[in-house]
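Heads up, the sequence shown is in the numbering used here, so the first residue is 1 and it goes up one at a time.
Certain hints may be false.
[Stated by the list, open to error] SDA-like, lysine to any residue: derived pairs with alpha carbons at most 20 Å apart: (1) Lys-444 - Lys-200; (2) Lys-290 - Met-447; (3) Lys-19 - Pro-371; (4) Lys-216 - Ile-434; (5) Lys-290 - Val-21; (6) Lys-290 - Val-307; (7) Lys-444 - Trp-211; (8) Lys-303 - Arg-192; (9) Lys-290 - Asp-27; (10) Lys-296 - Gln-12; (11) Lys-196 - Gly-210; (12) Lys-290 - Lys-364; (13) Lys-296 - Trp-108; (14) Lys-296 - Lys-444; (15) Lys-290 - Leu-39; (16) Lys-200 - Pro-186; (17) Lys-296 - Lys-365; (18) Lys-196 - Lys-216; (19) Lys-303 - Lys-216; (20) Lys-19 - Lys-444; (21) Lys-444 - Pro-186; (22) Lys-296 - Arg-105; (23) Lys-365 - Pro-36; (24) Lys-290 - Pro-13; (25) Lys-19 - Glu-107; (26) Lys-296 - Trp-362; (27) Lys-364 - Leu-310; (28) Lys-303 - Trp-404; (29) Lys-216 - Glu-442; (30) Lys-296 - Val-372; (31) Lys-42 - Leu-429; (32) Lys-202 - Arg-192; (33) Lys-42 - Val-286; (34) Lys-196 - Pro-36; (35) Lys-200 - Ile-434; (36) Lys-202 - Arg-433; (37) Lys-444 - Arg-194; (38) Lys-303 - Arg-105; (39) Lys-290 - Trp-63.
I should point out that these hints are in silico values taken from the structure, not numbers from a laboratory.
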Amino acid sequence: MSNAVKEALDIQPLVTGGKSVRDVTEDILRPVEAFPTSLWWKAFLLVLTITVIDLGIIGYLMWEGLYILGINNPVAWGFFIVNFVFWIGIGHAGTLISAVLYLFRQEWRTGINRAAEAMTIFAVLTAASNLIIHIGRPWVGFWLFPYPNERGPLWVNFRSPLIWDTFAVSTYLTISLVFWYIGLIPDIAAVRDRSKGEMKRKIYDILSLGWVGSNKAWSHLEMVAMILAALSTPLVLSVHTIVSFDFAVSILPGWHTTIFPPYFVAGAIFSGFAMVVTLMVIAREVFNLKDYITMKHLENMNKVIMVTGLIVGLAYSTEFFMAWYSGNEYEGFAFVNRAFGPYGWAYFIMFSCNVFSPQVFWWKKLRTNIPVMFVISIIVNIGMWFERYVIVMTTHADFLPSSWDMYIPTVYDFMMLIGTFGIFFTLFLLFCRIMPVIAIAEVKTVMPSKDGGHH
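Construct all of the structure, not just a fragment, from the sequences and the given hints.
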């Protein structure tokens, strides 16, 4: 295919810089094999400090009790459930990129799928930590799992959304973890074969499960990847649907609505892709991977952000319309109070960040501008956190005015919120240091060859 035809069809190479197959391996494994840079150490020590402080706050919380937080009678969940829903949403983009785009044979996923899958694992672990802590007595958290026990007729309540969350999140984590690890095996073997230290070689040899790269091994790997992708695809829809049931199955005005499942799923993909853009922009600069995480990858993700942002905006509008159209005075008050009541400032932040900011991506010049997309990706995730904040906090006004109360977060709420980012980025930076952040074998399959096709 001639260059003129490629330009007319807007076909951009997924690997730039005229790289050879050897160059791909060298470039992607350099951050793993080389000594960490001072920039990596500074970032790692910063987020590790935040994580240690967060663990100290959690320990103090366990010692003192939940009263040190802003939790009260009408808002019984507080920041914990806001953080939980936020981080579960962040984890959605990884499964969408790795599984759904894999099934649809979207080649542009190859440069970003490894980091997105890792992001999914770490985001789900961060979310699960909030779910466990918010029950107040995490040491009895195993009671959430149905298993033969000594408690006689006392069993889990299968009608509780908390139990549904336990099943959904644990299944999601298991499938995502296996899918991620299966894809890592050939690259771990590449690190093993290039390792000079005996101990390092032995560790990577164990992790690579004896991978030899034979035709039979590749055939089995692709078959397993296809099966796991097919299993993961329904999870993209089901997990956040079940998370939305935490709210939708209640009878509280503003929550008891059927729009929550698709609205939550769209919002999860929206925030997840924004976080992938944030991480990929940083990774391509810090690890010098601009030839593998190209503008084509970033532009496609920005298009997804723009589309899902429109869906989220439609959901906001639909909620208000249905509250008015239903004629239910409680429902109507809930939404008027949400937008113009004491939490109106949060609603304004949510709406402006999630609906207005992604509209800049209608212009190609802006959606291919690195500083613009980086800032917008951060703004989107600020807006999505505030969306969950608005949903949870506006339950301060239910059917009985006698039980109304404002949620006033304490310093411990904010410290634990910041701590979730510390945990997430600590895990992600460690991952970037010990594993290839891009799937080497998959990138090689989409490299442009001399005749204009692929290898």
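Hints that the structure is at odds with (numbers, increasing): 1, 3, 4, 6, 8, 18, 19, 23, 28 and 39
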